[in-house]
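Sequences are here, hints too, so could you generate the full structure?
Using our numbering, the first residue of the sequence shown is number 31, and each one after it goes up by one.
Hints in this document: simulated from the structure, not taken from any laboratory.
Heads up, some of the hints might be wrong.
Here are the computed lysine-lysine pairs in the DSSO-like style, where the Cα-Cα straight-line distance is at most 27 Å [claimed, not checked]:
{"id": "1", "residue 1": "K279", "residue 2": "K341"}
{"id": "2", "residue 1": "K126", "residue 2": "K319"}
{"id": "3", "residue 1": "K275", "residue 2": "K126"}
{"id": "4", "residue 1": "K319", "residue 2": "K135"}
{"id": "5", "residue 1": "K201", "residue 2": "K428"}
{"id": "6", "residue 1": "K197", "residue 2": "K279"}
{"id": "7", "residue 1": "K428", "residue 2": "K375"}
{"id": "8", "residue 1": "K375", "residue 2": "K279"}
Being a predicted model, the structure only gives us computed values, none of them experimental.
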Amino acid sequence: MKNAILGTQMLFVAFGALVLVPLLTGLDPNVALFGAGAGTLLFQLITRRSVPIFLASSFAFIAPIMFGVQTWGVAATMGGLVAAGAVYIVLGGFIKIRGVEFIHKILPPVVVGPVIMVIGLGLAPAAVNMALGKSGDGAFQLVDGDASLWISCVSLLVTIVASVFAKGYFKLIPIVCGIIAGYALSLFFGVVDFTPVREASWLAMPNFTFPEFNINAILFMIPVAIAPAVEHVGDMLAISNVTGKDYIKKPGLHRTIAGDGAATMLAAFLGAPPNTTYSEVTGAVMLTKAFNPVIMTWAAITAIVLALVGKLGALLQTIPVPVMGGIMILLFGSIATVGLNTLIKNHVDLHKSRNLVIVAVTLVFGIGGMAFGVGDFSLQGVSLCGIVAILLNLLLPKDLGENHIVDNAQMEEEAQNS
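Right, here's the structure in full:
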């Protein structure tokens, strides 16, 4: 019973972020809950139930899923996500054969950093539009503009306060705190419609969507797996430090990353967002000292049971757009900051022309909307800049020399100061 209670607590730590992804991307939150639970159980099977982590909806795929759903539809997007999950399994095979150094050679910080920044900044306009009560593309006004500004600002402010000043359990659930505050204000402004909740059944099977395989969607999604695959390595190191066990060696990084990929593929076959390891849950494990992997089994079972409650999914879908928009402003900015921090903490020297070229071209291609296409096929956004960053890193010589653009700017600044 104790493990079941702790497992439920772990689920609620992840709950805000877990349901945020489907709500932002137009997917069914009940399917996301089911996919997270089923994916975690599959991960435990592959890793021999030795790692105390919970897998759920990945933020890295928000922008690609939104684009994919608008361009090819949900089923084709899921087909692309199945392929992205397969990338993890292939990486797991290479790690088994070549060792962890293989990933660091193909995906060094100078590649991963700007790609993560593009993931965060690419949808910044959508976050602002939603905060103002509009649809993500700004085409429709869904909620009154003045009310939206109040609601989004309160959601953002409460999320910031909870993440910075809260103690203990509340520090682990800033997104939930922000959603509750924004939802309460939305009720005051009268912008919440409870019709879907009244019409929904108490018990209902989630609206599963099975994938269709579209080559454009597949080639678009595959490069997106770069950032979360590297993030997975960091999460494994983090949970190893928390528990004092080396999960990189046992069960082995090749098993954990393959398990993550299999969980993502399973989720995509159900119509759910891709799964990833959750840092919030790692923080909760550290806080509670709950190192037993069985606790995550209970968290997964609880997620599957909640997924069958039809009114829960309907209630989550009544959350107004500006509540999500306010939280997205902080969320997407935070993702971009993670990318920037990847460059800083790994001492990526932008005085070197090689590094500057990789970072600069990747950022502008990704944020500026550069696209390459042949016939019906096109590459753009995160997928394009991920491929470009990898190719530039592999093709540019290591000894390209100093970057005199930055040097000259620094010389001018020093001259002015003197």
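Which of the stated hints cannot be reconciled with the structure, identified by number in ascending sequence? Violated: hints 1, 2, 4, 5, 6.
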